Amino acid sequence: NAGVTQTPKFQVLKTGQSMTLQCAQDMNHNSMYWYRQDPGMGLRLIYYSASEGTTDKGEVPNGYNVSRLNKREFSLRLESAAPSQTSVYFCASSEGQGGTYEQYFGPGTRLTVT
Amino acid sequence: AQSVTQLGSHVSVSEGALVLLRCNYSSSVPPYLFWYVQYPNQGLQLLLKYTTGATLVKGINGFEAEFKKSETSFHLTKPSAHMSDAAEYFCAVSVPTGRRALTFGSGTRLQVQP
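Those protein sequence lines, which keep their order, are chains L and C. For the first sequence, this note's numbering begins at 59 and goes up steadily by one. For the second sequence, this note's numbering begins at -2 and goes up steadily by one.
Hints were generated in silico from the structure; no laboratory data involved. Everything numeric in this text was worked out from a predicted model, so none of it was measured. Possibly wrong hints are sitting among the right ones.
What the hints assert, rightly or not - Pairwise CB distance ranges, derived in the manner of DEER restraints:
1) Lys66/C - Gly74/L: 47 to 55 Å
2) Ser142/L - Pro37/C: 22 to 30 Å
3) Pro66/L - Ser25/C: 19 to 27 Å
4) Lys55/C - Pro66/L: 31 to 39 Å
5) His7/C - Thr78/L: 30 to 38 Å
6) Lys66/C - Lys72/L: 31 to 39 Å
7) Asn38/C - Lys129/L: 22 to 30 Å
8) Asn58/C - Ser76/L: 38 to 46 Å
9) Lys72/L - Lys55/C: 26 to 34 Å
10) Lys72/L - Ser25/C: 39 to 47 Å
11) Glu137/L - Ser103/C: 45 to 53 Å
12) Thr48/C - Asn86/L: 18 to 26 Å
13) Asp96/L - Thr48/C: 27 to 35 Å
Backbone N, C-alpha and C define an ideal beta-carbon position, used for all residues, glycine too.
Just need the whole structure built from these sequences, with the hints factored in.
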């Protein structure tokens, strides 16, 4: 099992450009999450999806959109990148309702917006 | 809403010495608590978790943590530090309702001196 995979690993964007970060899990988990990690701030929740077909905003959703394409895949889109979105982005998954509570994380995408 | 405070953004110990990383939480309902470790340029790996039951939980790599409700704490310890323990450690809290997303502390970077 690959667990949680993310692409790309690194990306540099210019202000105003758009891009989509991809995430997939092969653990048959129901819930998936997107976090961003900034120095000294831990990880903050951007969006989450409790199950296929549902998404909801987290703590810092502004400037982002998500799509839960199917049970395996959960993508994060930046429509018009801004320097404030320079960060490391992590996707995570968990069993969800009725299951165990721990989350499994992907390796991250390092995004720089110039 | 939940919150986590990790005391000390940097902790330095000698190899073989006790490791103590502090975590205090705030939650209006009984929490689930987690410690994650992050090695450089990698994703987060679960060290241990507390959900219910025994308040002293053991994790991987010789780490353990004790849930103390009266002190709202979940400190991470290891009796003898190893060079390979050098990493960043995150305490996180979740509750068994709603989104079940993790709320993270700001992290503690552990340095192990030879």
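We went through each hint and held it up to the structure:
Between Lys66/C and Gly74/L, the C-beta spacing of about 50 Å keeps the proposed range 47 to 55 Å intact. Ser142/L and Pro37/C have their C-beta atoms about 24 Å apart, which keeps the hinted 22 to 30 Å range intact. Checked against the given bound of 19 to 27 Å, the beta carbons of Pro66/L and Ser25/C, roughly 39 Å apart, lie outside it. The beta-carbon spacing between Lys55/C and Pro66/L, approximately 37 Å, falls within the hinted interval of 31 to 39 Å.
At about 36 Å, the CB distance of His7/C to Thr78/L agrees with the hint of 30 to 38 Å. Look at Lys66/C against Lys72/L: about 50 Å separates their beta carbons, and that is not inside 31 to 39 Å. Taken as a hint, the range 22 to 30 Å holds for the pair Asn38/C and Lys129/L, whose Cβ atoms sit roughly 29 Å apart. Look at Asn58/C against Ser76/L: about 41 Å separates their beta carbons, and that is inside 38 to 46 Å.
Between Lys72/L and Lys55/C, the C-beta spacing of about 48 Å breaks the proposed range 26 to 34 Å. For the hinted restraint 39 to 47 Å between Lys72/L and Ser25/C, the CB-CB distance of approximately 44 Å keeps it satisfied. Taking 45 to 53 Å as the suggested C-beta distance range, the pair Glu137/L and Ser103/C does not conform, at roughly 29 Å. Remark: the range hint 18 to 26 Å for Thr48/C to Asn86/L is upheld by a beta-carbon distance near 21 Å.
Separation of Asp96/L from Thr48/C is about 28 Å and conforms to the stated range, judged on CB atoms against 27 to 35 Å.
In summary, the numbered hints that this structure violates are 3, 6, 9 and 11.
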